[in-house]
Amino acid sequence: MRTIIKGLIVIIVLLAIALPFASENPDGLEATMEKVGLEENPIYEAPLDYGETWGQSLVMGVIGIILVFGVSYGLAKLTKGA
Amino acid sequence: MHIPDGLLSMPMIIITYAITIMGIVYSLRKLKNFPEDKIPLLGLFAAGVFAAQMVNFPIIGGVSGHLLGATLVAILLGPYAAILVMTAVLIIQTLLFGDGGITAMGANILNMGIVGASLGYATYSKLKDMNEVIAIGFASWLSVVVGATLTAIEIGLSKSLPFMKVLTLMIGYHVIIGIGEAILTLFIIKAVKTKLPEIGGVPA
Numbered sequence: 004m005r006t007i008i009k010g011l012i013v014i015i016v017l018l019a020i021a022l023p024f025a026s027e028n029p030d031g032l033e034a035t036m037e038k039v040g041l042e043e044n045p046i047y048e049a050p051l052d053y054g055e056t057w058g059q060s061l062v063m064g065v066i067g068i069i070l071v072f073g074v075s076y077g078l079a080k081l082t083k084g085a
Numbered sequence: 002m003h004i005p006d007g008l009l010s011m012p013m014i015i016i017t018y019a020i021t022i023m024g025i026v027y028s029l030r031k032l033k034n035f036p037e038d039k040i041p042l043l044g045l046f047a048a049g050v051f052a053a054q055m056v057n058f059p060i061i062g063g064v065s066g067h068l069l070g071a072t073l074v075a076i077l078l079g080p081y082a083a084i085l086v087m088t089a090v091l092i093i094q095t096l097l098f099g100d101g102g103i104t105a106m107g108a109n110i111l112n113m114g115i116v117g118a119s120l121g122y123a124t125y126s127k128l129k130d131m132n133e134v135i136a137i138g139f140a141s142w143l144s145v146v147v148g149a150t151l152t153a154i155e156i157g158l159s160k161s162l163p164f165m166k167v168l169t170l171m172i173g174y175h176v177i178i179g180i181g182e183a184i185l186t187l188f189i190i191k192a193v194k195t196k197l198p199e200i201g202g203v204p205a
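Chains as they are written, first to last, in this note's numbering: chain A, 4 to 85; chain B, 2 to 205.
Pulled out of the complex, with its shape left as it was, chain A reads as follows (with noise of 0.2 Å):
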């Protein structure tokens, strides 16, 4: 347990220091479909996002790392118990 909560404050640092130097370029798939003129449409709103500044967007990963620790955590136990 010492070690998971070590590694999630690991992750969380490593997140607060690597945030500012992230990329706002388009990725690989966002560029391309800029270049044949494709557009999304989206269905669905999602109620969060990563926020604009450094501290909005460290606080968003934080939520988002407790809950992906904690989904897969849960998903990994649901399939020892069925």
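Just so you know, the hints here were simulated from the structure itself, not pulled from any lab data. Be careful, since some hints might not be right.
Unchecked claim - No farther apart than 30 Å at their CA atoms in a straight line, the calculated lysine-lysine pairs in the DSS-like style are these:
| id | chain 1 | residue 1 | chain 2 | residue 2 |
| --- | --- | --- | --- | --- |
| 1 | A | K83 | B | K160 |
| 2 | A | K80 | B | K160 |
| 3 | B | K31 | B | K196 |
Said to hold, decoys possible - Computed from the model, here is a short list of chain B residues facing chain A with C-beta under 8 Å:
| id | residue |
| --- | --- |
| 4 | L8 |
| 5 | L29 |
| 6 | I40 |
| 7 | L43 |
| 8 | A48 |
| 9 | F51 |
| 10 | L97 |
| 11 | K127 |
| 12 | L162 |
| 13 | V167 |
By construction, the Cβ of each residue, glycine as well, lies at the ideal position given by its N, Cα and C atoms.
Given chain A, work out where chain B should sit, using these hints.
Okay, now just chain B, sitting in the frame of chain A:
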């Protein structure tokens, strides 16, 4: 590389969801033998993949990419654990953060998760006795390129558009993004094996 809503046709949505659900169900069955004490570690890797995917790295031409991580997790925890990890990451990204469309979630789990976990892991397993570094690097690079190719094919078959152009652009960008994946995967595996020696040999 998250496909948004509006790019896949109904048949493609159904096919990709069907393949992905089968892949997940199969993996969950296989995970019954997964060591109980490694489940927290599995959660930790899922959290790490989510965080890593928030940080895009720039490549040439004003384009960026991010780690996929499926091959990375498959090498450390086995392919079935990697499929579960990528499924958890994509579910949270799609439903809560709007990364990728809800209609494309099956395709996205397939392209970024199942391909990397299965093909990436198989490639690594074949090459690891020859050279561990080359095996990790090539397998993770290949997982990105094949995932991108599959993405292009799914979109190309769904829409009337210049298919070869989409395919060429996607492969072209991801041949380079894949190098980033390879470097990050090598670096992270080395760091994890140094800091967490107990991770040891994990059953596939």
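Ascending list of hint numbers which this structure does not respect: When the structure is compared with the hints, numbers 1, 2, 11 turn out to be violated.
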